[in-house]
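**Q** Residue numbers (numbering that gives the first Met the number 0), protein chains in the order written: chain D, 0 to 566; chain C, 0 to 195.
If you're looking for bench data, these hints aren't it; they were derived computationally from the structure.
There's no promise every hint is true.
As the list claims (entries may be wrong) - Under 7 Å between C-beta atoms, here's a sample of chain D residues computed to sit facing chain C:
(1) Leu8
(2) Thr124
(3) Leu252
(4) Leu256
(5) Val327
(6) Met352
(7) Val400
(8) Glu412
(9) Ile554
(10) Ala555
Stated by the list, open to error - Where chain C lies over chain D, by a calculated footprint (3+ residues, C-beta under 8 Å):
(11) 29-36
(12) 62-72
(13) 184-198
Treat the numbers as computed from the prediction; the structure is a model and nothing was measured.
Ideal Cβ positions, reconstructed from N, Cα and C, are used throughout, including at glycine.
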Amino acid sequence: MSPTLISDLIQIGLYLVLLTALAVPLGLYMAKVFTGEIALLGAVERAVLAPAGVPRKHEQHWTAYALSLLAFNAAGFVVLYLVLRFQDLLPLNPQGFDGVAPHLAFNTALSFVTNTNWQSYGGETTLSNLSQMAGLTTQNFVSAASGMAVAAAVARGLASRQARAIGSFWTDLVRAILYVLLPASILLALVLVWLGVPQTLDASATATTLEGAQQTIALGPVASQIAIKQLGTNGGGFFNVNSAHPFENPSALSNLLEMLAILVVPAAFCVTFGRMVGDRRQGRALFAAMGVMLVVAIAILYGAEQIGNPLQAGVVEAGAGSMEGKEVRFGVVGSALWAALTTAASNGSVNAMHDSLTPIGGLVAMLQMQLGEVVFGGVGVGLTGMLLFVILTVFLAGLMVGRTPEYLGKKIEAREVKLAALTLLIMPIGVLVLAALAVATGDAQTSIQDAGPHGLSELLYAYSSATGNNGSAFAGFNANVPWHDTWLGLAMLLGRFGTIVPILAIAGSLAGKRTTPESAGTFPTHGPLFVGLLIATILIVGALTFLPVLALGPIAEQVSILAGQTF
Amino acid sequence: MLSILRPALVLLALFTLLTGVAYPLAVTGLARILAPAQAGGSLVVRDGAVVGSALIGQAFGADRYFHGRPSATTAPDPADPAKTVEAPYNAAASSGSNLAPSATALKEAVAARAAALGVTPAPADLVTASASGLDPHVSPQGALVQVARVAAARGLPEAAVRGLVERHVEDRTFGVLGEPRVNVLALNLALDALTR
């Protein structure tokens, strides 16, 4: 093995070990937070909940839980939309930016409320400090906390016996922020500042370069936003190029810390789930299924980027990999690893330009989003997305052996399977139907930067990212036009609440059922056999749906490149 | 309905104050005390004037300086604000090229840069645009291939310039993380100090 390969494998291995080592204690801690066993900040919690009119020991039926979540997010959308539209009339606008255009404000507000954080805007050229802080940073916290609340409610539903309620959305929301997101963000933000990420209310600094030119260097309250955008799987950057900007991610060490921040909360939720349902093996099985899929994705993505672009063979040093759209301090491995993580999670921050990834590298990123981001996924919603696949898997396994499917002692019946199957339609509708509409109306072509199959990939990536609530982009694609801003916004809405509401309904329905004790006939859901079946279900559903269109995009591009064809 | 709307509005207001205002301002205050230089953008001062940021690359075109990577940043066209013009290392509007791996424009740009450099095969980082357009680093190889040009332009022995480059190579952090790299601005500042 070459020294580069050994060093790269060590970096990947080190990351995976650190992630697991952090996820376990955090997961156990979060379980205690959501069951109320840790009440260190009880006084603060009451001080927040009392004026909101939420009583002590508040409990909600799943419908009230879901309505609360929807009302809270709707209010967030309206406020954020207004802040963006009228930022020119509001304070903290040192650059004197205009109010954001209606379609862009609509898209950006939906994007942050749905935890997508798609950047149709260029941060440093569009948004005032007030918009970035009070607008975007707030939604970074509360949209992440909403997802975490959903996971807590679902775990509670599975754990309870013949219960009517699945917890209190308001209490879960407040706890997720006070006990997890806020303290972790303060800590991470300060470490990032120490590593070089700016944190100032000044908009820019001016320098006279060594060659005598004037360089305006955009600054701002960057670190505080970066910390929560990574921890909350938000991903919307302060700067246009997101975490590739040296001010968002200045060094190899900041890169490692931010990569850990991207996946640690979603990974920890597997542990939280196991603990809350009283069977830690169940959490480990989900962690294993996600882990296996992540390692495969990393291996393919890294391999494709390290092999590089055959069109540059002979011109560029062999073995350097594909460096277009990558930063020297991260190199191929630090960029490929990040690309795999950010599309596994619904994070979507990037430290390399995904548009310039090799076709196979881009395919892996796209496919991970199209599978519904269940490989750790978004905070909370990654776990619940995976549970939808678990329900389908136990259903399929039940069909094979001819028994009523069960999960954690709860009978899985027609209602649950129907709801889970319904959510399978979300990704195809958001990606295939909406993208096809864009093509049919001619609105796709005007936004595409690159000719040939890559143009289709740009469009597909945009709609996959929006429906999956990821937020990363093939950024050559100009999404900031009324058609795409609107339809991508609706895709985000569909992808977010189209899965959250059904999973809450399933949780409510399972909470009401009695738990049957494990018997010799129970199909175990914690062993390697189940993990394998679960992965197979995910891949079959995802691959069958998206293989044809992937063949027209990235696969066709790869074949063209191998044949020496450019566009 | 009120039982749902009231907590929604009250909690949104409280969290806007807590996470949208108090949190960033508290971090700003703490950062100013704990790490003022970094919080302000790691600005580099020479002879009392700000010459750049240690973390942000800048455009170098003269033979007497080491050059950074190609940058795809642009700026509004002074003649027509709806259009943009090339403006490498525009630190007010970061951007990559976003070119597809199969793009003819990419293949041609890489070939042209390699030809201009006069080195085949060329170090990958010197002929490809960075992600941010502001990459402050080049690879050690990317600096070493420029030694002859810089030494000739400054009338310095090549060995002296090469030694300077080697002293500016930053190894992997903790010997493990990231890639070996050279900060171009730091190297060029050291060059200027050498010949003063």
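**Q** Taking each numbered hint in turn, which are not upheld by the structure, reported in ascending numerical order?
**A** Violated hints: 1, 4, 7, 8, 9, 10, 11; rest satisfied.
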